[in-house]
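J.: Residue numbers (numbering that gives the first Met the number 0), protein chains in the order written: chain A, 0 to 341; chain B, 0 to 341; chain C, 0 to 341; chain D, 0 to 341.
If you're looking for bench data, these hints aren't it; they were derived computationally from the structure. Nothing false has been slipped in among the hints.
Below, computed lysine-lysine pairings styled on PhoX-like, alpha-carbon distance capped at 25 Å:
id, chain 1, residue 1, chain 2, residue 2
1, A, Lys-119, D, Lys-312
2, C, Lys-294, B, Lys-119
3, D, Lys-337, D, Lys-294
4, D, Lys-119, A, Lys-312
5, C, Lys-337, C, Lys-302
6, C, Lys-312, B, Lys-119
7, B, Lys-312, B, Lys-281
Note that the coordinates shown come from a computational prediction; the quantities given were computed from them, not determined experimentally.
Protein chains: 4
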Amino acid sequence: MNKRGFASDNNSGIDSLIFQAIERVNDGHVPGYGGDRYTQEAIACFRTLFGEKADVYFVFNGTGANVLAINTLTHSFHSVICPATAHIAVDECGAPEKIAGCKLIAVETTDGKLTPELVKSRLHGFGFEHHSQPKILSISQVSEMGTLYSIDEIKALSDLAHKHSMYLHMDGARIANAAVALNVPFAAFTVDAGVDVLSFGGTKNGMLMGEAVVFFDKRLSENAPYFRKQSAQLYSKMRFVAAQFLAYLSHDYWKDNALHANRMAAMLAQKVSALGITLTQKVEANAVFAVLDDKIRDRLLEKYFFYPWNEEKHEVRWMTSFDTQEEDILDFCHELEKLLNE
Amino acid sequence: MNKRGFASDNNSGIDSLIFQAIERVNDGHVPGYGGDRYTQEAIACFRTLFGEKADVYFVFNGTGANVLAINTLTHSFHSVICPATAHIAVDECGAPEKIAGCKLIAVETTDGKLTPELVKSRLHGFGFEHHSQPKILSISQVSEMGTLYSIDEIKALSDLAHKHSMYLHMDGARIANAAVALNVPFAAFTVDAGVDVLSFGGTKNGMLMGEAVVFFDKRLSENAPYFRKQSAQLYSKMRFVAAQFLAYLSHDYWKDNALHANRMAAMLAQKVSALGITLTQKVEANAVFAVLDDKIRDRLLEKYFFYPWNEEKHEVRWMTSFDTQEEDILDFCHELEKLLNE
Amino acid sequence: MNKRGFASDNNSGIDSLIFQAIERVNDGHVPGYGGDRYTQEAIACFRTLFGEKADVYFVFNGTGANVLAINTLTHSFHSVICPATAHIAVDECGAPEKIAGCKLIAVETTDGKLTPELVKSRLHGFGFEHHSQPKILSISQVSEMGTLYSIDEIKALSDLAHKHSMYLHMDGARIANAAVALNVPFAAFTVDAGVDVLSFGGTKNGMLMGEAVVFFDKRLSENAPYFRKQSAQLYSKMRFVAAQFLAYLSHDYWKDNALHANRMAAMLAQKVSALGITLTQKVEANAVFAVLDDKIRDRLLEKYFFYPWNEEKHEVRWMTSFDTQEEDILDFCHELEKLLNE
Amino acid sequence: MNKRGFASDNNSGIDSLIFQAIERVNDGHVPGYGGDRYTQEAIACFRTLFGEKADVYFVFNGTGANVLAINTLTHSFHSVICPATAHIAVDECGAPEKIAGCKLIAVETTDGKLTPELVKSRLHGFGFEHHSQPKILSISQVSEMGTLYSIDEIKALSDLAHKHSMYLHMDGARIANAAVALNVPFAAFTVDAGVDVLSFGGTKNGMLMGEAVVFFDKRLSENAPYFRKQSAQLYSKMRFVAAQFLAYLSHDYWKDNALHANRMAAMLAQKVSALGITLTQKVEANAVFAVLDDKIRDRLLEKYFFYPWNEEKHEVRWMTSFDTQEEDILDFCHELEKLLNE
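Hey, can you work out the whole structure from these sequences and the hints?
T.: Here's what the structure looks like:
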């Protein structure tokens, strides 16, 4: 039996409902590559959430989703402005540069979030052929630092982007955690807040695999089918991703999982704080960032795997997941307390 | 209930054994991205088949596998020589050119197979900086025309490739069908026949998804981990691909499925020939290519979906699959016979 | 003193008028990168030739020009259809694939020229995301086989291209030789014949360096400034290319040089034919293709450098240049005659 | 007659000696693409300066040189660490990202110079497939802020690079200005200080065009010929670049020009300082950075073109050139003084 830990929400397995959904469509032959009715139903389901203009492309994983969004909205001479902590900047091995050919401009932040102030000083050189032309602001909701953009913060960024004929991309690898934290529908902080393209993730919240790139204006996505295929993200047996999304979105399933993961993070944050541990970021979704003495960290790692985040600052990251149990947190805090008291 | 047809072996679903294998590893947390023990076991399983030097990288799909193989073994100034019918040349929307940056040289063939004679006239300009430098011969086993390379034919190509410091790549999207048709172990017509890198497919033979790129010399694959990640083919919940391969390879499961699909193609070929239909290619695996009058084709398409292959030649393609049933073929031939007799 | 030969029209030097033109603008400081008045004058000069809608971008060399044209008019999922002998297909080391990311479809021809018949069978798969989407027909005028497209032949290709929402690109590395051979203005067989973008060469006809990419519709070239800079083709001291084009185009200078080169080729063709040599292509500009016994070829190469073209066919290529002298031809033929008579 | 100004050292023309050198080799036919003896002589000349192991590739311009250096030494999954002000980061419209496919990591500096301290925090993730792998440190000598690396500073960076199996690239667009400022041979602060590859510029110091990429170890440059051709940087009439470098390097010509430009900058700095202007960077070569009131700046721009550098800081840049005259500086300062006194 594999132990549950706090390393990442993608170390978890698959929700049993997802499993059943896959099984349900495993029947006979259907056209490949999204030509099947399940895929059409899943797309319709996204349109219910995001409006009729939403154009939806299923891909395999988050990097694939981000790259498809960027590739479709840019030329190689464009640049993408994002936080220095962004997944696209740090954790995709340069996939956006390679596949879209464009420049990433990584902006230092304190909390993983862009602000108009941080972005403005980067918005220059428009029309000057020597400079990569800024074309996308990319934000992660939930951010990689576990923090949340408010609807107003997103609107301010989309206004700024649109004022410069730029687009706002949202990396929603943990969008469910954001939706339940904000307690509003998905549309409220995406399409209605001016987001142009969204990487909609499910893998980190209980799905087997599969993400969706959602363009909120079909004029933007004209080339997306080709870029998806050319970047090897077109799944032949598409029905098995479609079925997962159908289950995930049609029930409150995504919501229950995300609420639970967030609650577990809040509980973890509360418990470690009570032990005197300093948190370095607000706990707004399912991530807890904390300062931990190196020796205690190393001892704790023998029991529970998690990621040292910033070695200079002695900062660690603990993620909760849809399947985290209260007992996991209690046991983890118990271990931590023991180490602290030694 | 979805009908089974003859459009493609990827229109089929998932074998129930695969399903159980996925379920079995759906337990607790394990490290992501292949750091788990199931992935290590699956790799070991490939090493049992191909030898200890085999270096194995799981990816999402066939295009992802082919592109990773090519990207890892080439620089952008190289060229890849392949049949004009090759999947990499025709069906990947230019993914190899985009991601590896290199040139594809598509060679016309009669049966989807390269020969040393066809290749030799393309092997020039070595060391001449004006020309893309030939670096890979790429063959598909089974070929896209349903034909098979003998071991000797493969050896002749690998000898030619190696003589010119080139590599031999095999696109094995239907490698199981080839293995049972040749009735030899996988290694006999791959590593032992001089193949340098193999795209090992499972999706078309009953798996949910997942392919493996197998390098037969670790010096060749040094950069593969980075190219895989950078091309968005690194799966976070890798255990669920690993588990499929473990089940697929550990039992005679891959063999049974492939044998069955091939048998169904042989039966279909025999039945349609008996109806006076002309076949255009040898039926050596699970594909049947045939000449069909356009009107009859269109009527037949109303009942069974399949692909017109070459409209000028009135050629159609019928694929069988691991789940094709004798009754499907009997019914299909019955329909065809009715149309022929009208 | 360097000998003149028949290897290539780029083995020649610079016309003295070009030299003087460069010297004339070598005065004080002017804005770099084309912000100077000489560049504006040179662009105006092109507009006189091609119409006010012409948008002109100077680059360093022919490969740079072709790649800028293709990059600007395509996305990476597009394909470019060209003769198998095209410079872009054979002599640019895969630059179009690398920089534009798209696929080249090389069509076998007998004379280096595309025809609607040859192209039509490649025009399929439109809208099918699995296939690279045909977007450009690319022709060379003069072709790499020394042959010429008539105005009607070009119109037939542009009609075909436009019918499929494609563009017609002309590689005009030897466009001056074509213009004098057709004896019509440049516009007659380019913009007026439906060409969408032109690589306008001067280097092979007496210039030091510098080519121009001419777009015949400004809506097509919106991104060209950025793609030029990003592909390292934006010259800082642009005035020195502009000055060359000003001199080259403002006088009959380009015409005199091209007429002369063509006449020299005609003379060479006539003389070698008289010696019993078989020509393999029509001599329509400044190239002569001929069959030559290998031994005689090797002996002749000791005196005059030229390129064996197709070793299997014992075919050689002889190019004349703006500075070829009658005495060069007489001496060359004298040598050839001696070898033939031995 | 064009006025001389302080906008950039590439707004100047061509030295007359360069002109004569081009004219001298304009004689008859020679093999193209560097197969001529002038090119071999020019390469030999570089070897005299840098040692026999130097491998030299002439290209058209500085961006072409930098991109060739980076492309040759990296795979697409690598990253290049450079100052945020680096030409490759800011002024090449994303050429390195597009052509090499790799990530640029732009480090904020105060003076345009990397230090081991600034770099170290970026040197992590080696062997971790999720991160672009640091492979090149890139420095500009003279830096884009007009500052100079000492030999020891360069050695410290090359030691750091080599310790991590990385390379040190030097963008030497103004390398002559650096050499005379340091008053040592070129080799002393390049190959002897551990630089692995050098972009050696001449255009900004009196040449017509042409730069050289110098690899200091032939094992590194094996693929450079192909990458040069594929990036459209292989000049057909190479002798005309070679001849420039022959003249430029064989006499003290490069030295005289650079010394003069540097002296002019020193004079300019001294004069404007005397007028009470604050300099923002040390004046170590031929650039002067200063704070200037916006209104005065705009008035001064009516007479002399130069670049506002950092609008927030009211910073401007004045460049001197090989052809700057004392009278230019006196007149410029006179204008400035008038404006300051108004």
